[in-house]
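**Student:** Single-letter residue listing:
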Amino acid sequence: MKSKRPLKVLIAKAGLDGHERGALVVAMGLREAGLEVVYTGIRNTPEQIVASAIQENVDAIGLSSLSGGHMAQFQRVIEVLIQEKVKGVLVFAGGIIPDEDVKRLRKLGIKAVFGPGSSIASILAFLRKNLK
Amino acid sequence: MTEPQEKPGRFPFTRGIYPTMYRERLWTMRQYAGFGTAAETNRRYQYLLAHGQTGLSMAFDLPTQIGYDSDDPLALGEVGRVGVAISSLADMERVFKGIPLDQVSTSMTINATAPILLALYLVVANQQGVPWSKLNGTVQNDILKEYSARGTYIFPPTPSLRLVADIVEFCAKEVPGWNTISVGGYHMREAGCTAAQEIAFTLADGIAYVQTCIERGLAVDSFAPRIAFFFNCHSNFFEEVAKFRAARRLWAHILREKFGAKNERSMVLRFHTQTAGSTLTAQQPDNNIVRTTLEALAAVLGGTQSLHTNGKDEGSVIPTEESALLALRTQQIIAHESGVTTEPDPLGGSYHVESLTDRLEQQARDQLHKIDNLGGMLKAIESGYVRREIYRAASKHQQAVEAGEKIIVGVNEYVSDQPLKAKSQPVDPRLEPRRRRELAALRKKRNAGKVKQCLATLEKAANSSENLMPVLVDCVKSHVTLGEICRVLRTVFGEHRPSHSV
Numbered sequence: 001m002k003s004k005r006p007l008k009v010l011i012a013k014a015g016l017d018g019h020e021r022g023a024l025v026v027a028m029g030l031r032e033a034g035l036e037v038v039y040t041g042i043r044n045t046p047e048q049i050v051a052s053a054i055q056e057n058v059d060a061i062g063l064s065s066l067s068g069g070h071m072a073q074f075q076r077v078i079e080v081l082i083q084e085k086v087k088g089v090l091v092f093a094g095g096i097i098p099d100e101d102v103k104r105l106r107k108l109g110i111k112a113v114f115g116p117g118s119s120i121a122s123i124l125a126f127l128r129k130n131l132k
Numbered sequence: 001m002t003e004p005q006e007k008p009g010r011f012p013f014t015r016g017i018y019p020t021m022y023r024e025r026l027w028t029m030r031q032y033a034g035f036g037t038a039a040e041t042n043r044r045y046q047y048l049l050a051h052g053q054t055g056l057s058m059a060f061d062l063p064t065q066i067g068y069d070s071d072d073p074l075a076l077g078e079v080g081r082v083g084v085a086i087s088s089l090a091d092m093e094r095v096f097k098g099i100p101l102d103q104v105s106t107s108m109t110i111n112a113t114a115p116i117l118l119a120l121y122l123v124v125a126n127q128q129g130v131p132w133s134k135l136n137g138t139v140q141n142d143i144l145k146e147y148s149a150r151g152t153y154i155f156p157p158t159p160s161l162r163l164v165a166d167i168v169e170f171c172a173k174e175v176p177g178w179n180t181i182s183v184g185g186y187h188m189r190e191a192g193c194t195a196a197q198e199i200a201f202t203l204a205d206g207i208a209y210v211q212t213c214i215e216r217g218l219a220v221d222s223f224a225p226r227i228a229f230f231f232n233c234h235s236n237f238f239e240e241v242a243k244f245r246a247a248r249r250l251w252a253h254i255l256r257e258k259f260g261a262k263n264e265r266s267m268v269l270r271f272h273t274q275t276a277g278s279t280l281t282a283q284q285p286d287n288n289i290v291r292t293t294l295e296a297l298a299a300v301l302g303g304t305q306s307l308h309t310n311g312k313d314e315g316s317v318i319p320t321e322e323s324a325l326l327a328l329r330t331q332q333i334i335a336h337e338s339g340v341t342t343e344p345d346p347l348g349g350s351y352h353v354e355s356l357t358d359r360l361e362q363q364a365r366d367q368l369h370k371i372d373n374l375g376g377m378l379k380a381i382e383s384g385y386v387r388r389e390i391y392r393a394a395s396k397h398q399q400a401v402e403a404g405e406k407i408i409v410g411v412n413e414y415v416s417d418q419p420l421k422a423k424s425q426p427v428d429p430r431l432e433p434r435r436r437r438e439l440a441a442l443r444k445k446r447n448a449g450k451v452k453q454c455l456a457t458l459e460k461a462a463n464s465s466e467n468l469m470p471v472l473v474d475c476v477k478s479h480v481t482l483g484e485i486c487r488v489l490r491t492v493f494g495e496h497r498p499s500h501s502v
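Respectively, the protein sequence lines represent chains A and B. Quick note on the working numbering: the first sequence kicks off at 1 and runs consecutively. Quick note on the working numbering: the second sequence kicks off at 1 and runs consecutively.
It should be emphasised that the hints constitute simulated quantities derived from the structure, not laboratory data. For each residue, glycine too, the CB sits at the ideal point set by N, CA and C. Misleading hints may appear alongside valid ones.
Cβ-to-Cβ under 10 Å is the rule here; a few derived chain A residues that face chain B [unchecked claim]: (1) V25; (2) T45; (3) G69; (4) A72; (5) I78; (6) I82; (7) Q83.
Make the full structure from the sequences, and use the hints.
**Tutor:** Right, dumping it as structure tokens:
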């Protein structure tokens, strides 16, 4: 039963983007709130992100991008998750994501997108609500 | 009234690097720009020059910064996003078409691949008939902060430092007007460090470069005058003014006392400033114009040599032409209307600013001492110490904002319902396929034998200790691409694999 242990989240940087502040601040904030957090570091291919998610048996994946490469990268993460038959993992995202892309990402199955100014508290509430 | 003991233009240059500062010559207004294709970037440069900008500042996309051609599978989704895509000489020619290189100064934000981009610039100068001695500009060439904050490293620190020194040594002989390193604190501050840490980490990186070049056998006064700096200008007005003053004083002492510099130009800390992108908010974006104005004013009162003012949308997107122009106008209003340029260091002598300057200097000295105790900056970076310090400060800031201890107008106070509107970046979805076709055509058209020969020479040179710059100039002249060069260097030098723990 997943609910017996603390929620486990993978915070992942996709593509070549090196902006880590958001990803790390979220990772540290969630850890402080009692979640188990694995951080991938920068420059991961979608395949590497999914492999880490499987290996770490996480409940959720948080994808971060601030360089504009999110559509191509995040879409590929979702494709690989399906390919690898990963089920029941909540995917959310953060970074600089234009409004029109947020809609497209949600259609792909990314549950929420947290833009600049989002609080850790709101991310935490989202995770607790969706991972019962 | 008592006059401050320190004088503008005199050691240790706390009060500015020239006796008269802006009364004689204004700072260079240098707006960072570049996106999409070489042709689009060329158009934006022509536009900015036509509107009174006095220097170019070149932004590259991530594949270019990390050593991949636009057609590399790892470049997926990133081509032309955060800057212009440059893979070959043809791209560089297009960027500077109609821009005489002896009449502009060009600052390139490029680090791991700086030797290659500099080589490309030099070859374009050759083609325009401009001698290298007439070139003015800067390569950032500051690899150390990439490991701490910005993330566009390729090779491990040691071979990277060799490349840094190759540029310094080569330019001292061949391109004397070139600023060979722009030691940056900007990105570490954006990543979350404090003002005192920004001074300390930046100067610590600077110290590491000076040491590397001295170990190479260069005399400190032969290269130190060409090292420049790049700082952030954040929102805490007086603290920022004091930061620039403290940094100048500290660097002058370090160069004179630690490295025995004799030439005052080696001791002088010259710097570019950019207003803080991390203080811009997606909420109520017009507020960013006001934030940027205040930050720009602090940079000017702090004595900057050049300045980039952020567009109000620059935290989220490539600025529109309109917001880029407004940002430039902000500087022009400070320069020509506000009257702050008449006196050097106008805040000098203020009790508040002088004591803040002393305090920041002391805090930075303490931090530098800590780094020394860790075995120097290279060790401090490799052990993850610098990263941990930066992200701890970032996390503390976030907590303060969420607790309401720090007020960000429009974010945690004075919130209005005005919806966020981040517009998509103006990158054509056809760009990546087009780049793939262009590069395929280039690889077909060029002299394959010559390319092979260049890459073999490069590999041999990389394995030796010879300066790689002349070899790189030959490579790019023969249309060898940036990605091909980096593939060879990756094999020889290896790749940096950071530890991700925080």
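**Student:** Determine for every hint whether it applies to the structure shown.
**Tutor:** To see whether the hints hold, each was checked on the structure:
no.	hint	result
1	V25	5 Å, holds
2	T45	7 Å, holds
3	G69	4 Å, holds
4	A72	3 Å, holds
5	I78	14 Å, violated
6	I82	18 Å, violated
7	Q83	17 Å, violated
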